[in-house]
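Following the hints, position chain B against chain A.
Protein sequence lines, in the order shown, are assigned to chains A and B.
Everything in the first sequence is counted per the numbering used here, starting at 10 for the first residue and increasing by one.
Everything in the second sequence is counted per the numbering used here, starting at -18 for the first residue and increasing by one.
For the record, the hints were derived by calculation from the structure and aren't laboratory data.
The beta carbon of each residue, even a glycine, is placed where N, CA and C say it ideally should be.
Careful, some of the hints might be misleading.
Listed next, the in silico DSS-like pairs over lysine-lysine satisfying Cα-Cα at most 27 Å (straight line) [claimed, not checked]:
1. B:Lys59 to B:Lys38
2. A:Lys82 to A:Lys12
3. A:Lys12 to B:Lys38
4. B:Lys23 to A:Lys79
5. B:Lys59 to B:Lys23
6. B:Lys38 to B:Lys64
7. B:Lys23 to A:Lys12
8. B:Lys23 to A:Lys82
9. B:Lys23 to B:Lys64
10. B:Lys23 to B:Lys38
11. A:Lys79 to A:Lys12
Where chain B lies over chain A, by a calculated footprint (3+ residues, C-beta under 8 Å) [stated by the list, open to error]:
12. 52 to 64
13. 111 to 123
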Amino acid sequence: AQKITQTQPGMFVQEKEAVTLDCTYDTSDQSYGLFWYKQPSSGEMIFLIYQGSYDEQNATEGRYSLNFQKARKSANLVISASQLGDSAMYFCAMREYTGFQKLVFGTGTRLLVSP
Amino acid sequence: EPEVTQTPSHQVTQMGQEVILRCVPISNHLYFYWYRQILGQKVEFLVSFYNNEISEKSEIFDDQFSVERPDGSNFTLKIRSTKLEDSAMYFCASSDRGRTEAFFGQGTRLTVV
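Okay, chain A solo, but in the shape it has when bound:
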């Protein structure tokens, strides 16, 4: 069964600094995708970045990058140059590509960016 673990319930970072949010996963599938979503206080789920299990390069989207270490089963999110608007909950999620591909989420990390 697939499982996502986020061990950091909360993280603090100063504006303009980089921060890494940890995510480890467990799956017996060879083919899967890893996702990060941002949930601001307004409640919506905003897709940030995706990494496929066969992708050799780490994914990047603007200030977001995903540090994918397949052997360690980790998919950490790196946010560079933090902004006040980055304060939110961040969820790591995984989708196995067998079956009908539901997303399984971690418990989330609350990030607070201070001026």
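The following block gives chain B in isolation, referenced to the frame of chain A:
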């Protein structure tokens, strides 16, 4: 930019009443999902829907729940007889080929009193 739309944004209902949560997925998407998030907790999968039928459901999705795609655009989640513990944020999501990200609606906050 295409988006998933959910209505209503907030619904308050009495215990035992039926509720229908509505979603309009992105038009060319083929996979549809409902998730829920109890306040302060993680997002949990409820059900997936593909080719006009349920493809997978979780243990949470018991006989009180049902989904429908009544026409080409809407996707609904019905809770037949709401319980206090059904109070949560319900998210609809859709994706195209399944091997890409799922786009989420803004959620419906259901409060059962």
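Outcome of the hint check:
no.: 1; hint: B:Lys59 to B:Lys38; result: holds, 14 Å
no.: 2; hint: A:Lys82 to A:Lys12; result: holds, 11 Å
no.: 3; hint: A:Lys12 to B:Lys38; result: holds, 17 Å
no.: 4; hint: B:Lys23 to A:Lys79; result: holds, 24 Å
no.: 5; hint: B:Lys59 to B:Lys23; result: holds, 21 Å
no.: 6; hint: B:Lys38 to B:Lys64; result: holds, 19 Å
no.: 7; hint: B:Lys23 to A:Lys12; result: holds, 13 Å
no.: 8; hint: B:Lys23 to A:Lys82; result: holds, 20 Å
no.: 9; hint: B:Lys23 to B:Lys64; result: holds, 20 Å
no.: 10; hint: B:Lys23 to B:Lys38; result: holds, 17 Å
no.: 11; hint: A:Lys79 to A:Lys12; result: holds, 15 Å
no.: 12; hint: 52 to 64; result: holds (count 7)
no.: 13; hint: 111 to 123; result: holds (count 7)
Every hint, counting from the list given before, is met by this structure.
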